[in-house]
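Novice: Which chain is which? The protein sequence lines are Z and F, in order.
Everything in the first sequence is counted per this note's numbering, starting at 1 for the first residue and increasing by one.
Everything in the second sequence is counted per this note's numbering, starting at 1 for the first residue and increasing by one.
Hint data in this document are derived by calculation from the structure and do not stem from the laboratory.
Built from N, CA and C at the ideal position, the CB exists for glycine as well.
Be aware that a few hints might be false.
Computed footprint of chain F on chain Z, listed as stretches where at least three residues anywhere in the stretch have a Cβ under 8 Å from a Cβ of chain F [unchecked claim]:
(1) 110–120
(2) 132–143
(3) 402–409
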Amino acid sequence: MNAPISPETGAVSHREATAALLAVLPARCVRADPEDTRPYECDGLAAYRQMPMIVLLPEDEAQIIAAIAVCRQLGLPIVPRGAGTGLSGGAMPIAGGVVLSTARLNRIVRLDPLSRTAVVQPGVRNLAISEAAAPHGLYYAPDPSSQIACTIGGNVAENSGGVHCLKYGLTVHNVLRVRMVTTDGGIVELGSEALDAPGLDLLAVAIGSEGMLGVVTEVTVKLVPKPRVARVVMASFDDIVKAGDAVASVIAAGIIPAGLEMMDRLSTQVAEEFVHAGYDTQATAVLLCESDGIAEEVEEEIARMSEVLSRCGATALSVSRDEAERLRFWSGRKNAFPAVGRISPDYYCMDGTIPRKHLAHVLQRIEEMEQTYGLRCANVFHAGDGNLHPLIMFDANAPGEFHRAEQFGADILELCVEVGGTITGEHGVGIEKINSMCVQFSRAELDAFLAVKRAFDPAGILNPDKAIPTLHRCAEYGRMHVRHGQMPFPNLPRF
Amino acid sequence: MMDTTLQEFADKIGHAAASGTPLRLRGGGSKDWYGQDVQGTVLDTTAYRGITDYEPTELVISARCGTPLAEIEAHLAQHDQMLAFEPPYFGPSATIGGTVAAGLSGPRRQAAGAVRDFVLGAVLLDGRGELLHFGGKVMKNVAGYDVSRLLAGSLGVFGLIAEVSLKVLPKPVAECTVRQPMTQGEALRRLNEWGGQPLPVSASSWHDGVLTVRLSGARSAVEAARLRIGGDALAQADADAWWGALREHDAAFFAEAAQGLWRLSLPSAAPALALPGTQLIEWGGAQRWLRTDADAATVRAAASAAGGHATLFRGGERDVGVFQPLAPAVLALHRRLKTTFDPAGVINRGRMYKDF
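Based on the provided sequences and hints, a complete structural model is requested.
Specialist: Structure follows, in structure tokens:
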């Protein structure tokens, strides 16, 4: 018999839920003690925490189906989790709910060098795929900064990118097929081992759906040839507008760099103090512009990039001479976050995307906000694709500072929407930016998202209350939908 | 305020939904023959046209649905940029809205990606006449479900795709096409092996014992790859004519015939299929065109066994269903999503599958 749902609260007791799950799963797959579930109380966004009731660590698809069936019967919300490295609280537990970790489904099922595909279970780490493919001269292209730890299941949930995504694409461009279990117990295969599948492109919706539509049990990824050579140009600018123009000019010259990153003065300085990458700490902005391919091609492209950057007023320019120097140039950028962590007790990483042409304006407004909120902010920028990461520094122990940092962050996201961008480029909405969704989308659009969720998860138990805000939440948040800087019904008075 | 033309469309959709009258969306009508037969009053989208935003350095173009595809490509060409998925026109009247709705891609798809890979945002006038914005005009955007990519290839079943934003790319600096005689099996093996090496292959075709490969990229990369791959280089005009004829199905293989034209989408390394008829292979082995007398069940079974699917692309006995039947769980998702966006079930009903 199934444990009854308590009539008063609709909530199931810890004991009932544990017993029901233990009836279908081996004991080693069920963690119900707070001591054991504590490590799952947050993901990479550690400021937001919630203890789960139970953590499940299934070992195969059949166990996932069985666990979901129990949760559906008991009305227990399920939060799927990969490695828990996400930065938006998407894997933060729900009170009284279950965390379903796919970490133990960690097998590479098949790797076929001829068709350049790998079939992997969701708990396989991103980097492990590239390591397995390396003997064949192949790799999996999306390389989020957490790639040594994050899993492909989590990458599918978040549509993860990386510093090379302008040229090589995001998860959605590099995954051919996803197999997932839906909450009605069905198994759906989206996409295929071919380049397309019949019917609607449901794969595109599943990727980036933040674990709200199904639990991924298997993924087929594309593998691509590893570039033979990579070199990077490092350029200094004494003016942010010139640096922004330089980025635009590289693109206008018909070059798609393998990586194109910008750092502002503060992030350059803290990174240089931390790792001694050889950065020009007097520069207002430093650009890193990378080329990859065969040796002749890289030489040709580096020459063109250098010419464009010089013409755009770079005050200093150096090209990496060997792999060691290339890695050194990158080390500052790759350590920018921990470098900020060294000079501030806490920092809050934002993730908006803007049309690149508005960069100077946005950075200037962020500088003004620093005054308003009395907090410092360092900026790193995936310049090629317009994805800005402001790092707001604060001290969580100082009363009110975290709240001010959150407000500062929300203002930045609103600014991104105002200039025609988006509140999240790659970290996802999760729980963190759910209020900002009310600013970016109209009620009808949010309702359409909720309806898409219902189509996949009619019971509404899969990561509910994440990513898509309800009408009630937006009303409480009290900020209006903004499009092109226009409020809805601009002629109506507002009080 | 909604644009007046869009408001007219919304009113028509609203009336159709209220009265239960089927509507058939049509851009230039160049792909009227594609998909299942669909009944309904035509809603002509061509009045809603024009490029609304294009800045070459942002690598994004936005245009209204009725904008002629030719106008967009000409505009991009002025800045040495392109729609990298090389969409087929199938007639001079092709519009960008129809291009995205049909979801068809041309020869460069094997290297650059498909229509859906370049869709950054879309405005949808859904089956209730509601105007919905999905995605945006930036490269990276994970706010909300990616409904805009879902609209690529949706054949209009969710409503009218009113405006789209697409990522564009610079045209390659250099291109070279080489041709050599080869058996089908050998061509499939080589194409897949080359795919695993850093070679700038941007298009490929095999037909009747001849393999043709296009290389695109930096001058030095194209030159190095040409020596590596071998074969005779085509004159630029001949090369352009060949890839153009493949893209538009003007090549002799595609000429009207009694037999239907099947499109098989397969894993690129799938071995040569033992089906009767003639084949033309593209996309490094991943797209195989077939002219055959074999019945639909035979063709579909062979495609499924190879890990892919088969579409009755043009002609033939269309009552077998143009598109490969879906697994029941996937079909159920299609039906629920259709109900979400078009609750009255009046927009392009049956164009993709008979039951929605």
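Novice: All the hints need checking, so say for each whether the structure fits it.
Specialist: Here's how the hints hold up against the structure:
With a threshold of 8 Å between beta carbons, the proposed coverage of the region 110–120 of chain Z by chain F holds, since 6 of its residues qualify and at least three are required. Counting residues of the region 132–143 of chain Z whose CB lies closer than 8 Å to any CB of chain F gives 3, which reaches the minimum of 3, so the coverage claim holds. Given a C-beta distance limit of less than 8 Å, the hint that chain F covers the region 402–409 of chain Z is violated, as 0 residues qualify and 3 are needed.
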